[in-house]
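As a plain string of letters, each chain reads:
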Amino acid sequence: QGGDTGGGGGGNGPLIAIVSKGFQHQFWQAVKKGAEDEAAAKGARTTFVGPATEKDVEQQVNMLTNELAKSPKALGFAALDSRAAAPLLQQAKSQNIPVVAFDSGVDSDIPVTTVATDNKAAAAEAAKHLAEQIGGQGKVALVVHDQTSLSGKDRRDGFLDWMAKNAPGITVLPPQYGGGDQLESANITKSIIAANPDLKGIYASNEGSAIGVIKGVQESGKQGLTIVGFDSGKAQIDAINSGLMAGAVTQDPVDMGRQLVDAALKAINHEQLPKRIDTAYYWYDKTNINDPKIQAALYQ
Amino acid sequence: MSGVATMTEPLLEVEGVDKSFPGVRALHDMRLELRSGEVLALVGENGAGKSTLMKLLSGIHSADAGHFRLGGEPYQPASPRHALELGISIIHQEFNLVPHLTVAQNIFIGREPRRGRLLLDERKLNADAAELLDRLHLRLDPRAVVGELTVANQQMVEIAKALSYDPRVLIMDEPTAALNDAEVATLHELIRRFVRPGTGVIYISHRMEEIKRIADRVTVIRDGEYIDTLDMATAATPDIIALMVGRAIDTEARPEGVRADREVVLRVEGLRTRDLLKDVSFDLRHGEILGFAGLMGAGRTEVARALVGADKAEAGAVTLHGEPVRIATPADAAKLGIGYLSEDRKRFGLLLDQDVKANIALSALRQFTKAGFVRDCALRAKADRYVGALRIKTPSLDQTAKNLSGGNQQKVVIAKWLAKDCDILIFDEPTRGIDVGAKEEIYQLLRELTGQGKSIIMISSELPEILRMSHRVVVMSEGRVTRVLDADEATQENIMHYATLRPDENPADAAELGLAPEGKAGQS
Amino acid sequence: MTTVKAPTAEPQRTGGVAGAIKSRLQQLLAFASLIVIYAFFSIVSPFFFSYGNFIAILFSTVVIGTLAIGTTFVIITGGIDLSIGTGMALCAVMSGVFIVNSGLPLAVGVPLAILFGGLMGLVNGINVALLKIPPFIATLAMMLVAEGLALVLSHSTPIYFSDSPGYIEISAGNLIPNVPNAVLILAAIAIIAGVLLTKTVLGRYTYSIGSNEEATALSGIDVRRWKVGIYAFAGLFTGLAGVMISARLGSAQPATGMGYELQAIAAVVIGGTSLSGGKGSIIGTLIGALIISVLNNGLQIMSIPQEWQNVILGCVILVAVYTDRIRKREA
Amino acid sequence: MTTVKAPTAEPQRTGGVAGAIKSRLQQLLAFASLIVIYAFFSIVSPFFFSYGNFIAILFSTVVIGTLAIGTTFVIITGGIDLSIGTGMALCAVMSGVFIVNSGLPLAVGVPLAILFGGLMGLVNGINVALLKIPPFIATLAMMLVAEGLALVLSHSTPIYFSDSPGYIEISAGNLIPNVPNAVLILAAIAIIAGVLLTKTVLGRYTYSIGSNEEATALSGIDVRRWKVGIYAFAGLFTGLAGVMISARLGSAQPATGMGYELQAIAAVVIGGTSLSGGKGSIIGTLIGALIISVLNNGLQIMSIPQEWQNVILGCVILVAVYTDRIRKREA
Ligand SMILES: Nc1ncnc2c1ncn2[C@@H]1O[C@H](COP(=O)(O)OP(=O)(O)OP(=O)(O)O)[C@@H](O)[C@H]1O
Ligand SMILES: Nc1ncnc2c1ncn2[C@@H]1O[C@H](COP(=O)(O)OP(=O)(O)OP(=O)(O)O)[C@@H](O)[C@H]1O
Ligand SMILES: [Mg+2]
Ligand SMILES: [Mg+2]
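Protein chains in written order, with this note's numbering: chain Z, 1 to 300; chain A, 1 to 524; chain S, 1 to 331; chain P, 1 to 331.
Next comes chain Z alone, as it looks inside the complex (with noise of 0.2 Å):
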C-alpha cells in the first residue's frame, strides 16, 4: 500500500516517479500496486500520479512538470498523447532522467524502452471469441469506454478491424460511448437492447464499460445475449463464474507496474533495455478463469 508518504517502497532509495492515464480506476490502481511492491522489494521509492480522466491531457503534462520538478532517478509516462509531453521529455532527457514509457507506446526516441499491451491485438482476441460463440453470424454492439483517448479507441478498433476482417457474417453496430461510467453504460446497453431485438452480443471496452453492460443486460430481461469484456474487476469475474458473460480479455496490470520499476531501475543503473518489453493479455472465461497464471492477472 502507498503509505501516507505516497511514495511506495522506503528509505533514501532512487526515486521514480510515475505519471499515469489515470489513479481512480482499478487498472491504474493494480498498476500502482505491481510498481509499489516492486519498489520495495528492490529498495527503491516511488510516486504515483494520473490526471482524473484519460480526456486531461493537460492536467497530465503539468502533472509532468511537476514530478520532473522533484528531480527523481527516474520517470515512468504513460502518455495520453505522446507529442503533447514531447518538451517535457526533452526537458527529462537533458536532466539526465530516463524516460520509461508504459501502458501505450510514446511516439518518440527518448524513452529507453515501453512496456505495454497491445489493447488492438487484446480488443481483436476478444472479438474473436465473440464471433466463436455467436456462430459469426448476427448483429452485436461495443461500448467503449471513450471515442478519444488511445486505450478507448485501440480497444474500439481493433475489435471492429478484426469483424470487418474475419466475420463477414456479423453486422457491428455503431459504437457507443459510455464515458466509462457504469451507471450510463447500463443505460445506453438498454438502449441498443430495446433498439435491436435481434442483437447477439455485446462487447465492453473496460473495466466501467462491463459492468454497466452486465446491468443493463440483467436489467432488461434479456437472455441469450454473449457479452465479452475487458479488464478483471469482481463485477466480471462474477458474471463469468455465473455465465452471464461469456469471457474477457485482460492485461496483466500488477505486472505491468513491475516491469516499469524493473525497467527503470535497470535504467537508473545503466543496463541495456530491449526496446519493448511486452506484457501480456489473456482471454479468459469460465474455463481457465482458475488458472494461476490468470488469477495473477486478475484483481477483484
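Rather than coming from a laboratory, the hints here were simulated on the basis of the structure.
Every value quoted in this text rests on a predicted model; they were computed, and no experiment measured them.
Just so you know, nobody snuck in bad clues.
Below, computed lysine to any residue pairings styled on SDA-like, alpha-carbon distance capped at 25 Å:
id, chain 1, residue 1, chain 2, residue 2
1, A, Lys346, P, Lys279
2, P, Lys279, A, Thr369
3, Z, Lys139, S, Ile43
4, P, Lys328, S, Gly78
5, Z, Lys93, P, Asn174
6, Z, Lys222, Z, Asn241
7, S, Lys132, P, Ile312
8, Z, Lys139, S, Ser42
9, Z, Lys93, P, Ala56
10, Z, Lys200, Z, Ile289
11, A, Lys402, S, Leu130
12, S, Lys132, P, Val36
13, P, Lys132, S, Arg325
14, P, Lys199, A, Thr369
15, Z, Lys165, Z, Asp198
16, Z, Lys234, S, Pro165
17, Z, Lys286, S, Pro165
18, Z, Lys70, P, Pro46
19, A, Lys335, A, Asp423
20, S, Lys279, A, Asp344
21, S, Lys279, S, Val223
22, Z, Lys139, S, Tyr51
23, P, Lys328, A, Asp353
24, A, Lys335, P, Glu213
25, Z, Lys73, P, Phe47
26, Z, Lys153, P, Thr157
27, Z, Lys222, S, Ala172
Given chain Z's structure and the hints, the job is docking chains A, S and P with the ligands onto it.
Just chains A, S and P with the ligands now, with coordinates in the frame of chain Z:
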C-alpha cells in the same frame, strides 16, 4: 399593561443613545419619550437618523451607548424576533416582504398555524389573514402573491403584518410614502383604532399635513441629535420645519405660467397596453410641467413605462417635435432625450451595491468617456456637483448607495437624470420619502429645468404637489385619461371627480366621458 | 388635506381561484415539451414506444432524479450544491463500509448511509449559513473532499454487495411486478418532497429564504438554523442516491459521481426552478429530469452517432426551455 | 421663491483618499492567502521554491486563467457560462481546422479561431439577452453542442500542429528568455481585461447590469445589446484559451475541456467575485486561479497521495475563502 396606564405615563424611553457607522455618526446622545396612548411623530431631514434609531429599537443594530426602557423596564432587544416578543413591531422604510409568497403567508411568516409540528394549515392561515384584513378594513386577497401587488398594497401588507403581532409599540417608518390620500386616510383610521391606553405609535413621515392630523406630539431631530418635542395642538408647521432644517423655508413658490401657444414637444396618441391602458392620449408642451393625477392603479406609472419602452405597448403613436418616433426600449427613449425616473427606487432606480458616483453617472456615462475610456476626474467632479446641489448627505462619493438614508437615495436617482440632461423628463413620484426642505429644493429644481426649456411629466399621488407644481393636470382612472385640466381649472374637487370615474362599471361615467358602451378600446 | 374614498381599493388581479388555475395550467404546459419529445420518438422509432422502454427510461432517471429532488430545496433557497455528485459516491462507499466491511444489517447500514449524506449536507449548511462562505465555494470544496474520501475509504476499489442480496433488491427488486423498486422509491420521495415543499413549514421557509432572506430574518425566523437544516435535509437525498446507485450497480464505485451534480442541477433548472431562488417545484424537477432521460434514451435508440447526440441534446434543451418561457409569458 | 441657504450642514467628506487606501489594502490582503500557501510549500518542500517551479506554476495557470478572466465579465453581469470548457476544445479544433486542414497562415487562422470563440459567446449572449433563456441553461446547451461539434469536426482525433512550428511557439516560445510566451500572454490579457473592466464603458455597464439590470435598462442603457456584447467579448477569451491549450499541447484535443468551466468559475469565485453579480475584479480572479495552481503544484511536489490531494485542496480553499471574508469584514 395594567389598566391604570394613562396618557402621560412613558411607554418607551430612549436616553443618551449613540450610533456610528464607518465615516458617519448617525446618532449622538439621542433622547425620545413615547407616552402611553399617544401617537408620537418623529421628524427630521433625510439622513437625520430616524431610521437608524428605529433599527436600534427593533434589534437590527445595537447601540454604541445609551439605553432604552419599555414600560419602565430596561429594554434590550437582541434580535428582531426578540423585539417582537417584547412588544415592539416595526414597519421599515424599505419593504421587508417575501415577494414570492402570498399576502397571508407573509403576514403570518414565522407563526404559521400548523397541524402537528411540521404540517401547515393553509386554510386556517388564509382564514386568519382574511379575518385580520377584514378587521383592519383592508381589501386585500390573502392569496394574492405579494410580488405582484402594487407598492401601496405591499405597504398595506406590511401594516397588517405588524399589527398582527398585537404590539405595545408600533413604529412606522414613512408608512405613507407610497400611499395616496385615500390610503393614508385608511391607515390613519387603523392607527386611531390601534392606539389605546397601554399602546403607542411612533410615526415617521415627511408629510407635515399628515403629521398634524394624526400625531399628538412631535419630536424633531437634526443631524443625529435631539432638538425638541412639541405638542401638536399648539405647534405650527413652519415652526416644526424650521426646527428640522434649522432655517425658514418658503413652501408656497409656484412655477411660472406656461402659455398655451408653446410648441408641443411630445404627443402621445392612442397608447394601449394589454393589461391596463386604453387609448391614452395627451401632449406635453415646451417648458411645461404636466402633472399626472389619479388613484393608485390608475395607470400613470404604466403610461410612463409604456412611453419609454420599459413595457410593451400594444398600440399608440408617439410624436416628438412633430416627428413620429418609435420607442421600443428605454435606451431608445434616452437617445431621444426622454428620461424616466421610476417610483420604486430600490428595484428600478438604484444600483444598491455601487457607490454614489457610479449611480449618478450611470445614465450620462457617455458624457465622461473618451474613446470608450471613462474619465474619472470629470465624472467625480460632476457627481460632486450634484451631491452639493441636491445636498445629498453622504460621507463621500464612494459610499455605497445602500448605506444612504432613503431620502438621500431618492436624491441620487434624481441626480442621475439631471446629469443626463434630457429634454423631457418623466418623474414618477419624485418626492417620495424626501424631507420638506429637500422637497422645496426639488421643486426649485423643476422650476429651473422648465426655465431652461425642458418639459416635465410629473406623476404624483400628493394632490397638493400636483396642484402647486403643474401647469396642466392629466387625470387618469382605470387606464384612461378622463380629463386634462388647465392650472386654473385644477382643484382638488375637480381632480378627484375625474380620478374616480369608473366608465367600465358605471354607464353614467362612461357617458360623461363620451365612451360608447363597449368603450373606445374596440378600435385598433 | 384631501380625504377622498377610493371607490374600492380593488383587490389583486391574480391570486384566488383564477391564479390557482393559471398556475396549474402552467405546470401542465411544462409537460408539453416532454410529451412532444416523447411523441416524436414514438413516431420515428419503432422500438421507442413500449412498456419496457418506458420503464427503462424511468429507471435511468432514478439517480439523477433523486439528486435533483434534493437539490431543488437548496436551489430554491438561492443556493447551489456542487457536492452532490461526488457526495453520492462517498455515500455509496459509506454504505459499503457499513454493510460489507462492518457487516451491519441492511436495516441499520442503509439508514446510516443516508444519514451520512445528511451529515455532509449539514457541513455544507454550516459553511454556508454560519461561516457565510458562498454556496458555490463551500460545496465545491465539499465536492473535492468527498471525491478524495471516497477513494481513501474504499482504497480506490469498488466495494461489492454480493453477499447482501437484499441490498440489490432495493433497486432492482419488484415489489410491484414489472416495476423496479428504484422507480417506486423515486415516486415515493418525489411525493414526500413535494408535500414537504408545499405543505410544511420547512418548504415555506425554503421559499421564503430564497425569495428574500433578509425579510425572512427580520420576520423573526432563524434563517441560519433553517438553512443549515435545509442543506442537511437535501443531503439525505444525496445519501439515498448513493444507496440507490450502489444497489443498482451491486457495488459502491468510488469514482462514479463527478459530473452528476451538473446533470441534476440542469434537470432542476430545466424544470423551471430559478437559480436565484424563491421559485421552483418538485414536479418541475421531475419533468426536467425526464426530459433529459427521454432525450438520451431516444437518441440512442435512434442510433444517432454519439457525437451528434450531444449537439441535438443541447439544441432540444434550448428549444424546450425557450418555448416553455414563451408559453408562460402568454399563459 | 425658495430663498434658502444651506447652513454649512454639509456632511463630512471623509472617504476619498482614506477609502481608496482602504480598498487597495483589501486587495493586498487578498494576496495573503496566496502568499501564506506559497510560503508554506517553500518551507516544507526543497523542490518547491525555485525559479523553474515558479514558471511552471504560472504556465499551468495559463489556460484556466484565460478562461477565468473572460468569464469574470459574464459572472459580474450576474450570468454564468458553462460552455467555456468544451467551447475551448471546439475553438482548439477550429484552430486546427483553419491552420492544419485548410492550411491558412497563422496570422489568419489564429485570429479566426479566437473570433470563433467570440461567435459562440455571441450565440450565448443572444440566447440569454434576447431570448431570455436563463444563462445556466443557455450555456449548458452550448456546452453540449460544443462538445459534440468538437468531436464531429475533428473526427474524434487530435489535430496535430506538427507542421506549423510557429503555432507551438505561441505558447512555448520565449520572447523573453526563460519565460514562456503563454505566461506573457496571460499577463497581457489580464492587464487589458483589467483596464477594460475598470476604466471603460464596457466595464462600467458590466458592473451596472450585474448590480441591477432593470435599473440599468431604465437608465437608458441598451442592456440587451451590451449583454450580447459582453458574452461575445468573453467568448474571445474562450477562443484564445483554445489557441493556447492547443499550442501548448501541439495538438487540438477535441475532448480536453469538459470540467475546465468549473475550475475557471471556481477561480473567479475564490477571487471574490460574487455569482450574484455586480462585484468582482480581474486581479481577484488571477489570485483565485493562482491559489488553485499553487495548491495543485505544491501538493503534488510534496508527493501527497493523490486521493488525499483533493481532500486537502477542498479544505484549504474553504479556509482561504473564510479567512478572506473575515479580513474583509474587519478591514
Ligand atoms: N448601514 C449603514 N452604513 C453606513 N451608514 C449608514 C448605514 N445606515 C445608515 N447610515 C447613515 O446614517 C445616517 C442616518 O441614516 P437614517 O437612515 O437613519 O436617516 P433617516 O433619518 O431615516 O433619513 P430618511 O428620511 O432619508 O429616511 C445617514 O447619513 C446614513 O447615510
Ligand atoms: N410589475 C407589475 N406587476 C403586476 N402588476 C402591475 C405591475 N406594475 C403595475 N401593475 C398593475 O398595473 C396597474 C396600474 O399600476 P400603475 O403603477 O401604473 O398605477 P399608478 O397610477 O401609477 O398607481 P401607483 O403607482 O400609485 O400604484 C395596477 O393595478 C397594478 O396592479
Ligand atoms: Mg429613513
Ligand atoms: Mg405609479
